[in-house]
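> Residues per chain, in single letters:
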Amino acid sequence: MNKNHFKGTGRLITLLFRQHRLKIILWLSGIIGVSLAVALAYPELYQTQDDIMGFAMTMNNPAMGALVGSNYALEDFNIGAVFASEMLLFTAIAVAILNILLVKASTREDEEVGRVEIIQSLPVGKLSYLTASILMMLVVNIGLVLLLTLGLTTFGVAIFTWESSLLYSSILGITGLVFAGVTAISAQLSSTTYGTNLLSFGALLFSYAIRVIGDVQNETLSLFSPLGWATRSAVFVQDDWLPVFVLAGCFLVLISIVFYLHLKRDMFAGLLPNRPGKERASSFLKTTPGFIWHLEKGKIIAWFLLIFLLSAAFGAILGELETYFADMDIIELFLADSAGDNMTEQFITLLVAIMSIFSIIPSVSILHSLKGEEMAGRAEHFYTRAVSRNKILGTYFGLSILSAISMQVAISLGLYVTSSQVLENPIDLMTLLETTLVFLPAMLLVIGVALLFVGALPKFTLVSWLYVVFVFIVLYVGNLLDLPTWVNDLSVFQHVPAYPHETIPWNTMGMLTGVSMFLTALGFIGYSKRDIDG
Amino acid sequence: MSIIEIKDLTKKFGQFTALEKVNLKVKKGEIHGFIGPNGAGKSTTIRVLLGMLKADAGEVSIFGKDAWNDSVAIHEQVAYVPGDANLWPNLTGGQVIDLLLEMRKQKPNEEKRQHLMKLFEFDPTKKCREYSKGNLQKVLIIAAFAADADVYILDEPTSGLDPLMERKFQTHLLELKEQGKTILLSSHILSEVERLCDTVSIIRKGEVIETGTLDELRHLTRMNFETETMQPIQELENMPGVHQFEQDGNKSTFQVDKEFTNQVIQVISQYEVIHLSSTSPKLEDLFLRYYEENEERADDHE
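Line by line, the protein sequences are chains A and B.
Going by the working numbering, the first residue of the first sequence is number 1, and it counts up by one from there.
Going by the working numbering, the first residue of the second sequence is number 1001, and it counts up by one from there.
Hints in this document: simulated from the structure, not taken from any laboratory.
Just to be clear, a hint being listed does not mean it is correct.
Below, computed lysine to any residue pairings styled on SDA-like, alpha-carbon distance capped at 25 Å [stated by the list, open to error]: (1) A:K459 - B:S1132; (2) A:K459 - A:Y324; (3) A:K371 - B:N1086; (4) B:K1105 - A:F518; (5) A:K3 - B:K1054; (6) B:K1126 - A:I24; (7) B:K1065 - A:M267; (8) B:K1205 - A:P273; (9) B:K1126 - A:K3; (10) B:K1107 - A:M267; (11) B:K1012 - A:K371; (12) A:K459 - B:T1092; (13) B:K1054 - B:T1211.
Computed footprint of chain A on chain B, listed as stretches where at least three residues anywhere in the stretch have a Cβ under 8 Å from a Cβ of chain A [unchecked claim]: (14) 1045–1053; (15) 1082–1095; (16) 1098–1112.
In silico contact screen, one side only, chain B against chain A (beta carbon under 8 Å); selected entries [stated by the list, open to error]: (17) M1001; (18) F1013; (19) H1075; (20) L1136.
Bear in mind that the values here come from a model prediction, so they are computed numbers and not experimental data.
Heads up, the beta-carbon is just placed ideally off N, CA and C, and yes, glycines get one too.
Using the sequences provided together with the hints, build the complete structure.
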């Protein structure tokens, strides 16, 4: 390959780091912070081998295997395996998301808005910008590996040896790099940032889904997913490095393909064809709700499908789960605190809680789009016409609620279509709908938080995302982290009843809705009083 | 000697032919205007010239070097200003200017940099996300002018600038020309092209339809006439070589093809002239004429 293609890469790396340093620091500290906190909390929580065995038995079943990709034999469990079972897959996904966001921003997005063009007019090689982006990701991921290894070995208990900690961190880093490669390829295929996002996150979802099905039904299938490989190293027990090498090989292949594709295409162009659009605005599009639906529909439809498919994947394994639980009386004794409850249903309740957090993402994102329109200077196009602020914000608000309801319906439908085929005693759709919709007041409150920031404090909209992450952390590892009760109680999902085991506390639900309406009202008032920024 | 040379350049995007056998030459030390309607292929031509798009056919060179293969070497001596500035939102204007200069492998000229900042009244301490469109454009202009280049390629560089800044920009371009720099200026502002350019190329639907000095182009075209006579002029309207004839009582305005000037004057003189003025066509008239005429021709073909 021509050496000139890479001229000036060094300077561009500096440029990209300056541009993205805040994002990188926040993400890395978040990922490393949560990992270390959990690593420290576990030895306290699981002090005896019996504790560990208890955990192992809850992990060692098809359902948990499907959810978190735990692949340890029952007798192999140690405190490290407990840690990896709970943390590895989800941390790997977080790292993958970081990689997707950074690569997308430094490849297709910079090209689409014309920054690459400015650089390309300088004595800089044709592959330099792309190479700089990939090298930045190498530095970020290797940095993560080193810092996390250092943290785990320094603060962790004896099982966190150098080798195991390095392997654990390396799996995260190399999985991240594979998705950096996937995103870089998406950026060559699609000519827009939007399309790049869609392809990359689609690939991540697809990897997760085929790993779920593969882990439960057909091991070979999982080997087609980077996430399948990521969970197959038996880290802290056998410390098998093969998955790291396989993923590293995969990364190298992806990068070679990216370079090849990049040289083959024109600047600003993608390799996939663009379709011509409609010539006229339909009468629905001409209304305010129609217009905003048109702006946001891609997001809603994509998330609906994502959540439906994930739920369907989990629904599909409920049959095996039922059989498994039927065989294992001991687990029933261990897990079922609320006596007499059906294990499968208990699992569904946990699953619905986790899925509901995903459901809230598009709702928050829809409200944030309004700020995005403002920042991009497009809000002035409607506010200089006969449209009121309340109408616009109200429409975004309505769409956000509609999205929340749709996502909960997607969970119910997804679980229903597959579980009804595999369960001996199928759960009826009504029960599933009730189980998911019971989260609505809590979701309304998160929507209220997002609306408050978009409406009244647009500089701090990041807080709504941090809150969503906080809710997720409390739900997933809150009981392990030994946080004060009041901190846990700040998470709105803590107040949602474990329906159908518990009855619905209508006064709590009313409270949540009330607080949500209060925040929403503040947001509307703030929005009608503040400056529009663009 | 031509510094920039494009020979039979063809560029296709899938089925769509963006450029068809485009020819363009810019000689050392001249300012060449590159004009044409939206979507005609100006920016595509410039991007091929800068080695960002690969030509499907034809030869494209700067300093005799191939625009695609030798782009890195060429760009050490080329400065480019695009019309649409979108910069890195987290960096300040000053940082971006430094960075862009640094990448040229030249020692940035501190004096020049300061001079330009002052000239364009530019505040380099703001983040790029805070600048208005005009100020973002200044970042790119200063970064280009502060560099020590032999060729300047400018794609609608003054979009977003106020008239005062536009004037300063034009004055600076003329200074560069005096220093023997070669400049390719794509622009919609025809008065700017008229004021600055030695030669002009007009591009339409991916084809260069006319090229030459402004005087040469003017010879190909019509004079504007304005008359006032004692009696209304009658037979002019249908005379060959007379166009866009408009009459208001005793006053009339029209255009005359160069070769018919004499005949037209003879006709007018029979009507007791009170007032007669003729002006050379502005570039704008030229441009419109070429555009409309070719539109008609194209329509005839279809």
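> Which of the stated hints cannot be reconciled with the structure, identified by number in ascending sequence?
Numbers 2, 4, 9, 10, 11, 17 and 20, in rising order.
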